[in-house]
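Asks: Residue numbers (my numbering), protein chains in the order written: chain Z, 1 to 226; chain W, 1001 to 1435.
Please keep in mind that the hints were generated in silico from the structure rather than gathered at the bench. None of these values were measured; they are calculated from a predicted model. Do not take every clue at face value.
Unchecked claim - Computed footprint of chain W on chain Z; a stretch qualifies when at least three of its residues, placed anywhere within it, have a C-beta under 8 Å from a C-beta of chain W:
id, segment
1, 2–8
2, 27–39
3, 96–103
4, 182–189
Idealized CB from N, CA, C, for every residue including glycine.
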Amino acid sequence: MNWVSTAEIVQVIEHRENVREYIVRLEKERKYPPGSFVQLSLELVTASDIWPESRTFSIASFKEGSMRLIIEKVGSYTSRIFDELQVGRQCTIKYPYGDLFRAGTSDEKHLFLAGGLGITPFIGLAEYFHGMGKIENVALLYSARNAGDLIHLEHLNNLFGERLKIFITRESDHQYSSRRIDIRDIQEQAALGDHVYVCGSRSFTDDMLSILRKNNFTNIHTDEWD
Amino acid sequence: MPENEIRKLILEKTKEYYDAKYSGNKYKEGDLIPFAGRVFDENELVNLVDASLDFWLTAGRYANDFEYEFAQFMDVEHCILVNSGSSANLVALATLTSSQLGDRRLKRGDEVITVAAGFPTTVNPIIQNGLVPVFVDVELGTYNIKVSELEKAYSPKTKAIMIAHTLGNPFNLKEVKAFAEAHDLYLIEDCCDAVGSKYDGKQVGTFGDLATVSFYPAHHMTMGEGGAVLTNNAELIKIATSFRDWGRDCYCAPGADNTCGRRFSMQYGNLPTGYDHKYVYSHIGYNLKLTDMQAAVGMAQLEKLPQFIQQRKDNFQKLRAGLDAYQQDLLLPEATENSDPSWFGFPITVKNNAAFTRNELTRYLEDHKVMTRLIFAGNITKQPAYLEIEHRVIGDLKNTDLVMNNTFFIGVYPGINDQKISYILNQFKDFIVSQ
Chain Z
1 MNWVSTAEIV
11 QVIEHRENVR
21 EYIVRLEKER
31 KYPPGSFVQL
41 SLELVTASDI
51 WPESRTFSIA
61 SFKEGSMRLI
71 IEKVGSYTSR
81 IFDELQVGRQ
91 CTIKYPYGDL
101 FRAGTSDEKH
111 LFLAGGLGIT
121 PFIGLAEYFH
131 GMGKIENVAL
141 LYSARNAGDL
151 IHLEHLNNLF
161 GERLKIFITR
171 ESDHQYSSRR
181 IDIRDIQEQA
191 ALGDHVYVCG
201 SRSFTDDMLS
211 ILRKNNFTNI
221 HTDEWD
Chain W
1001 MPENEIRKLI
1011 LEKTKEYYDA
1021 KYSGNKYKEG
1031 DLIPFAGRVF
1041 DENELVNLVD
1051 ASLDFWLTAG
1061 RYANDFEYEF
1071 AQFMDVEHCI
1081 LVNSGSSANL
1091 VALATLTSSQ
1101 LGDRRLKRGD
1111 EVITVAAGFP
1121 TTVNPIIQNG
1131 LVPVFVDVEL
1141 GTYNIKVSEL
1151 EKAYSPKTKA
1161 IMIAHTLGNP
1171 FNLKEVKAFA
1181 EAHDLYLIED
1191 CCDAVGSKYD
1201 GKQVGTFGDL
1211 ATVSFYPAHH
1221 MTMGEGGAVL
1231 TNNAELIKIA
1241 TSFRDWGRDC
1251 YCAPGADNTC
1261 GRRFSMQYGN
1271 LPTGYDHKYV
1281 YSHIGYNLKL
1291 TDMQAAVGMA
1301 QLEKLPQFIQ
1311 QRKDNFQKLR
1321 AGLDAYQQDL
1331 LLPEATENSD
1341 PSWFGFPITV
1351 KNNAAFTRNE
1361 LTRYLEDHKV
1371 MTRLIFAGNI
1381 TKQPAYLEIE
1391 HRVIGDLKNT
1401 DLVMNNTFFI
1411 GVYPGINDQK
1421 ISYILNQFKD
1431 FIVSQ
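Extracted from the complex, chain W is given alone in its bound form (with noise of 0.2 Å):
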């Protein structure tokens, strides 16, 4: 049998594998209620098979085709994949210090406005680079830095501003970005949690000078493990390729020689001239690629991705709709003004004042299978890891202490269903009127 006869035998009885293995899973009252989950159908099983066969291995057509797609659904011009969101950062922020931009690079010492209230990976970049981070308080409802503080955060020393739309609530983007280009500083853009926000009716992820993303199987669309980073600068996409694989200077696609013509005609540092230029290496850099078999499992999601963010969208609502009676207890979440969250979670506050704490519902809730999540770090600087780094906070981080203490988040991602959210909420009801 020909080799393509073969591959279509194999693809249709995956999808017949799908059938047998997956699609029969219903949920039932006291099954768990995860806060985020892989959603898929036989689509993605039969891409990851295809690329499989291909046995590519390394980013091949799938991911070449992903980056321009995942581009136009961003709005951005360039995207490159890279193995995870946290890589993503790590390249983001690991761009901004090549000696490719002058004046403008990120030196030893300087300082990146930040929240202390979010994800360690959108910090830790910062870190590593011998940089110093400048941690700004959080607003309670948005749980985005607080714009009022940026003023005091700035110091001759800052060169850039990174932080995260928090569970998909865009930061105020208009403040934001108007205070980074007061003072000229770079601004990245963590969309880890916000794929398919909106600020002002623009995708977020276009307002700053790089983006990352994350497709995680908890994020709004999964490849497993995988990421990406975003920009309209041809300049910087370049630079962050260059640290994403092992900091070179060639940029030839895996498996091809000689893209730019010049492999052995150059003069680079002081390397002697013609120097194999798929040798040179510009940068410090990393290897960060993904594999071909991610990518494949992306493009099925893609497709699938703006109905995703509809459904997350219609989950806050009906969970939004359905605690609005328990306001005098927990502190519900707001949308940043002008913005249109795609969003990751729906956070929730107990109140200082409410009759249970954050823990007593949380341990209530996962008791009764409704799957609870924190705002990931807290507080950063009380975290062990954190202890003993170089730093600045930008007055008593009241806010974000509190979120450390009564903040937590439940699921809106599309597998939950509307039985599901209504499970969930005779949770709270049974649990509040108990107190």
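Pulled out of the complex, with its shape left as it was, chain Z reads as follows (with noise of 0.2 Å):
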């Protein structure tokens, strides 16, 4: 099932020039699966209105009372999204979609590679499975291009502890792995049967998925976008 409902933004945090976390508060707040996506649309219309121009965003949490969207600015939509949703602005938001992360398997063991912005469905994943009191089934390998580029570390760090490994691409940094995930890096978080989910750009996407197929992983599961 999916819901139109109005969203009233509630907070904007700014994660550097191009990438915006937004706060909303749902008109009509329903339950969700984690690891869902929205459509977020600058239009106020109803679910009797053509649906208008939108775009598609990973829901960055998994709490009642709020949703967290972390958008990334990079054409023009996304620059009227910048431009007009400020504190108090309302939007229609269409959810949920996707179907990412199956549930029932949160006795199972999962481990997310988040390429980039790719972090943010596994933010709700991680918060969902530190309520189910299961976050010690799952391993987070998060590679950025700079230090700079990580969003939400403390929290990260908190839910993952030594579990969550950081990779940088495009420099080096004495604190984390200044490279590429690698088959070894996979291996010793997840064993064949294993969930592993990729979300990233599309490079890092195929990239991980070349890896795993390679070397036999068959639970894969991914967030890809056009």
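Using the supplied hints, reconstruct the complex from the two chains, each of which is provided in its own coordinate frame.
Replies: And the structure:
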């Protein structure tokens, strides 16, 4: 089931020049599966209107009362979002969509592979596992170009502890592994039957899928966009 | 005048129209007492007109809200609206044939356990999908499946159970569910006549893999035509939605494109990569959607549903008490153990040793303006359309035949008030005393 709801912007966090986090409060707040995504439109419409131009964003939270969306300014529509979505402004959200995560598997082992802003659905999923008391079943390999690109690091550290490994690909950083994620990193955290999730840029996703398939991982789940 | 003010005016006038047209209709003795019917006030009319002014026509904002609110009421995760309870049964059964279920899918020739004393469209989807119905007898009094016969009905081809909670009386969910689990069978609960019924304190429709509901005017609440498929299984609801919506793989709502974000980049079947996802079909589906005008009526009815359910229970108890004296001739209904039925009707079986027949009694009641109904198809294996279907029968369906010959039901719907109950009971008394 999917619902159309008016959403009010209650807070905007600027992570960096082109990346903002919007915390929204939904008029029709309803349960949704962790790892879902939404369609966001700047127009105010109902489910009885032609759905206007919109963009798709993963939900970066799994808590009642509000929803977090992390948005990168990459084109004209996201520029409009940056210009127009101020605190107090309303937009329309249609949700939930996606089948990244299948309920009923929380007792199994899960590995999240995040590239850049591909971290967003994993934040919501991690909050879900934490809420279930099953966060020890999950590990996260988080890759970003620069250390400054890492988002919600303290929150992720608190959730994952030792099961969070960070990779920086475009600069040397003594705190983290300054290289790409490779098969040894994956095999340290996941056995062949475990669930492995990939979310990131097209090239990150393709690289990870290639590595996983070459090494006989079969329970692979992706969150991909055109 | 601005558009929203015109709309407000129209809706105010609609309320006035309701008052003028409907609010003065009062029952007087001798008027027909239907077994069921619409019970509504100005809110249904206002919602209906409101939705029509949207002129969205297909499922829209009211359907969107209804699916959520009704799922909450039924205590399930997922609800999709369809255009009838029969369509809900078709979608639910077809869902289990999806290749996306792998080895667990129902395949042509597989068997589905059901009963013959029921409504045809509980059975029809089984036949329409090339499956074989296996008919088990029913118990008298509850009119539900005789659970002691379940093991006899099982064969290596058995893959599912699809049965209704007869006239709102839950079937023995404890035994049926245990049997389904022991043999790894799917269970579809047909709740078309049982919205609000509870078993072991839980809503019916929450025990099986899928459940179905009807919103036809005779039912617990109405949209005119309408129904719903319910489940707690995210995979099954996605497949059910596909079967409802032409069999398409795409899950965009009406009027939306590229919800998945991969409309032109994926490869399906033997289609070329990037073939428009809107026109990719993963099932041999139907179009069984309803309109937003139906859902709009449903939203107003949903507000009244708890009260409707209570009135049905109260009317049942009043009839039960009033007919208690005639148990020598009449077999009166019994709620299934551990259940709290939200009755659809009040079933009565005329005993074989009674001084009169079922048909003599129902003819008298009908002549005196008390509407009666049979338990639908009676013994469905004897209906003309079913004489040549492939099926199996367990035992001799003795009770099912008795239901066909001796059983009928009268109404308990919220439109029946104490005055009508009193009149109905008087008709029974007059008839039985005269025998």
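Asks: Work down the list of hints and note, for each, if the structure agrees.
Replies: Status of each hint after checking the structure:
Beta-carbon proximity to chain W at under 8 Å applies to 3 residues in the segment 2–8 of chain Z; the threshold of 3 is reached and the given coverage holds. Counting residues of the segment 27–39 of chain Z whose beta-carbon sits less than 8 Å from any beta-carbon of chain W gives 6, enough to reach three: the coverage restraint holds. Look at the segment 96–103 of chain Z against chain W: 4 of its residues bring a Cβ nearer than 8 Å to a Cβ of that chain, three or more, so the hint holds. Counting residues of the segment 182–189 of chain Z whose CB falls under 8 Å from any CB of chain W gives 0; the rule of at least 3 is not met.
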